[in-house]
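Q: Residue numbers (my numbering), protein chains in the order written: chain A, 43 to 517; chain B, 43 to 517.
If you are wondering where the hints come from, they were derived from the structure by calculation, not from laboratory data. Honestly, I wouldn't trust all of these hints.
No distinction is drawn between identical chains; accordingly, a pair holds when it is met within one copy or between any pair of copies.
[Claimed, not checked] Subject to a maximum C-alpha distance of 20 Å in a straight line, what follows is the list of computed EDC-like cross-link-like pairs (lysine to aspartate or glutamate):
| no. | residue 1 | residue 2 |
| --- | --- | --- |
| 1 | Lys-515 | Asp-271 |
| 2 | Lys-95 | Glu-316 |
| 3 | Lys-320 | Asp-271 |
| 4 | Lys-515 | Asp-313 |
| 5 | Lys-124 | Asp-271 |
| 6 | Lys-187 | Glu-112 |
In case you want the letters, here they are:
Protein chains: 2
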Amino acid sequence: MSKVNELFKSELKVINIGLTAFADSLRATGYKVVHVDWSPPAFGEDVREALDKFNEIVISKKVDIEKANEEAFKRLVSARPKLVRMGKALDLIPGMKSNMLLHAGPPVTWDRMCGPMKGAVLGAILYEGWAENLEDAEKLAQSGKIEFSPCHHHQAVGPMAGVVSPSMPVFEIVNETYGNKAYTNMNEGLGKVLRMGAYSKEVIERLKWMESVLYPTLSRAIEYLGGIDLKNILAQALHMGDEGHNRNRAATSILFRQLAPAIVKTTSDTDVVERVLKFIDGNDHFFLNLSMATAKASLDAARNIEGSTMVVVMARNGTDFGIQVSGLGDEWFTAPAEVPPNALYFPGFTKEDANPDIGDSSITETAGWGGFAIAAAPAIVQFTGGTPQEAINKTKMMYEITIGENTTYQVPYLNFRGTPTGIDVKAVVEKGIPPFIDTGIAHKMPGIGQVGAGLVDAPMEVFKKALIAFVKKYS
Amino acid sequence: MSKVNELFKSELKVINIGLTAFADSLRATGYKVVHVDWSPPAFGEDVREALDKFNEIVISKKVDIEKANEEAFKRLVSARPKLVRMGKALDLIPGMKSNMLLHAGPPVTWDRMCGPMKGAVLGAILYEGWAENLEDAEKLAQSGKIEFSPCHHHQAVGPMAGVVSPSMPVFEIVNETYGNKAYTNMNEGLGKVLRMGAYSKEVIERLKWMESVLYPTLSRAIEYLGGIDLKNILAQALHMGDEGHNRNRAATSILFRQLAPAIVKTTSDTDVVERVLKFIDGNDHFFLNLSMATAKASLDAARNIEGSTMVVVMARNGTDFGIQVSGLGDEWFTAPAEVPPNALYFPGFTKEDANPDIGDSSITETAGWGGFAIAAAPAIVQFTGGTPQEAINKTKMMYEITIGENTTYQVPYLNFRGTPTGIDVKAVVEKGIPPFIDTGIAHKMPGIGQVGAGLVDAPMEVFKKALIAFVKKYS
């Protein structure tokens, strides 16, 4: 009895992949069909050509892409980011100016800024005292007197709107392996906060308190501790249900445990100590900005590796989604940012209220955690939507488009497998699998704040553009 | 074509359960066989008879066992344990005497005590100042002048040796739903500690510091906070990779976050505050004793439900393993304690050094977490041995022998399924599935301390004895 005969004599069980028509006609004749929704990457002529040229580069050995990616990956995973000190943005951040506001994502002008970013800019103007009221603030923002610049152009990252103004206190993180530095501001909490586009009196007052009380207190404690090992905290947190983007409860807890005794030793006013500790305790996302700066410090060491297709930045300004690639210098590849299709909204809000994807926080996915490590954080689905099984599948999928696994950051449930790390532009395009991001969602209007959290794929367009630029440069 | 014909025409795929002989002969003729190693519970005549009588009770409706178990389960899961205050054991623990030492597990006399329990008793005598040196301490222990009594006879629980002496500070936990109270001492940390049988100078000095500095500091903070909701902390911790027995890093972190601001407000000496915070931060098991008292306070409310087969205590004294059952009053059912067959030992130690299973900490499994919730804590296998998949399987198995699921304590990876809760003596015996415990391991000699952690099954014997006693009482 041949195998084929066997097949046709046994009951037919069909798994149909792709076009539904086959499944439909089989079902119509009474067969059981499991349908898997998948379509092969739809390549345009330009992408097909780019993939062909890519193979020519590989064959011609004009540049050793594999070796370049190995080097980029090695630099990324061997980074040792340490929080060393705090200071004012104007004093610490390279290229910061007294009339400059940093923002998230790729470059964007005032007229193209989305609602929450405009809101954050207005809030920052009020915070700096550059205007007395909202009307004047808006005039100033439009006037051209303020210089807008992406955080990423200044070794910095900011969540959501990512607006950093000159007086704002920032953390300085040093990558002890390679010496490069990264900067980020302090996390304000959830809801009505500047980074989500809110600018009301309470928002500005909180920022002022953070500058005058929280900053000097933390600053002294960090100095007293001789710095804080962020890599160690993040590695522990992934064993404790965090993924380092939208779930930071464990990392915030570990940071709190390290900071508290030092704060007690370096700040004598017990009311201040109590309020500072309660502020951090009251915000499970306090570690988020540090997770992002950990990612930034790790990835910056892997920039400008000749011939590498590894992504070193994914960032959103709420209008555009942009990436940068190690072998392609400082060029941005952008496409329109999308509203997360799957999300959980806070009571009173719906998808109609949501701004498209925004923030530098996708630097965590770029570095191999956040959405890429979501299988380590099953409880996150109560905040972002989805199920634990979907979370596991998402992480597994990301191994398809990454260069390696970071054994420092592990997914316990996948038997301590290292997280999928180092996005390969070519793999993304060729396999048609976009990087997966879990993200906070801001209201699309300025002045409101966060409305939910959700799951989103990076737009394929930016990876196609990057691949085309790559083969153009290296052919 | 009939179904049977279909079956025989298609390729034969066999799953063989039980006797290997069938699998072997099929394999010999070329078939693929998956063999599952399982054997039906081997009942002795007495157990078979007990199961028959049990069914007679059910049919005769002499007592409504199902309803009794529902009530016991309801009481267990509706408990709201809150940490309300601290005090000296002699002042707070019911029935505590000035010449009494409490210990873990079922009753045991000095001559039958295992090494680590003897070590802890000697340490406690030195700590109380009842003897000046080890020799005198041993004489006193043998003299009969000290009254030994199980923690469980005094609404108390203690990990490992579980020795509580009159001057020792203890936590008082109130079950706010039912008003009953539970007590436990403070956790000393890992390694050379009294509860593991160590009694050196550093051990006694640490206990003295805990009494004179840590206790009053924590006591003031707890009062300032108006108590601490332990149920809430444990529920969060299970979303953060703890299981509440051998992994308490998350719960300790959350407790730390709540305590720190209150300690700052209520203790003016910053050196003391710093040292206290560092002590708690330095011991990821600090919450263990509170997890145990949470379990004890929850289970005590479910005691003495007429007709209930639910286990309300599982406890080990390092010599005997004992259980108590809701419908069987204060009677202990005991069997020899076993050395955990699967364990990870600290460097320099092996299974040869291990004492048999010891401690009241299996109260956590009795209440539905610990080993029963190990699927929530995949990273624990790095401490106890095993793999994350085995951990998931263990939790799944425990649903077979439990009355219900506690929706407050969830396993995120099992799609937030409530933990398997309320061990049913009859199900354990009938299905031949023993309750699963993850546990610390003490050196078998007094004076040494912890040597590892591992996984162990409760001995079936105690459940058989309890079932026989149950049918005797209710027939």
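Q: Work down the list of hints and note, for each, if the structure agrees.
A: Tested hints:
no., hint, in the structure
1, Lys-515 / Asp-271, "neither (38 Å within a copy, 61 Å between copies)"
2, Lys-95 / Glu-316, "neither (61 Å within a copy, 62 Å between copies)"
3, Lys-320 / Asp-271, "between (22 Å within a copy, 17 Å between copies)"
4, Lys-515 / Asp-313, "neither (59 Å within a copy, 61 Å between copies)"
5, Lys-124 / Asp-271, "within (5 Å within a copy, 35 Å between copies)"
6, Lys-187 / Glu-112, "neither (44 Å within a copy, 72 Å between copies)"
In the structure shown, a violation is registered for the earlier hints numbered 1, 2, 4 and 6, in ascending order.
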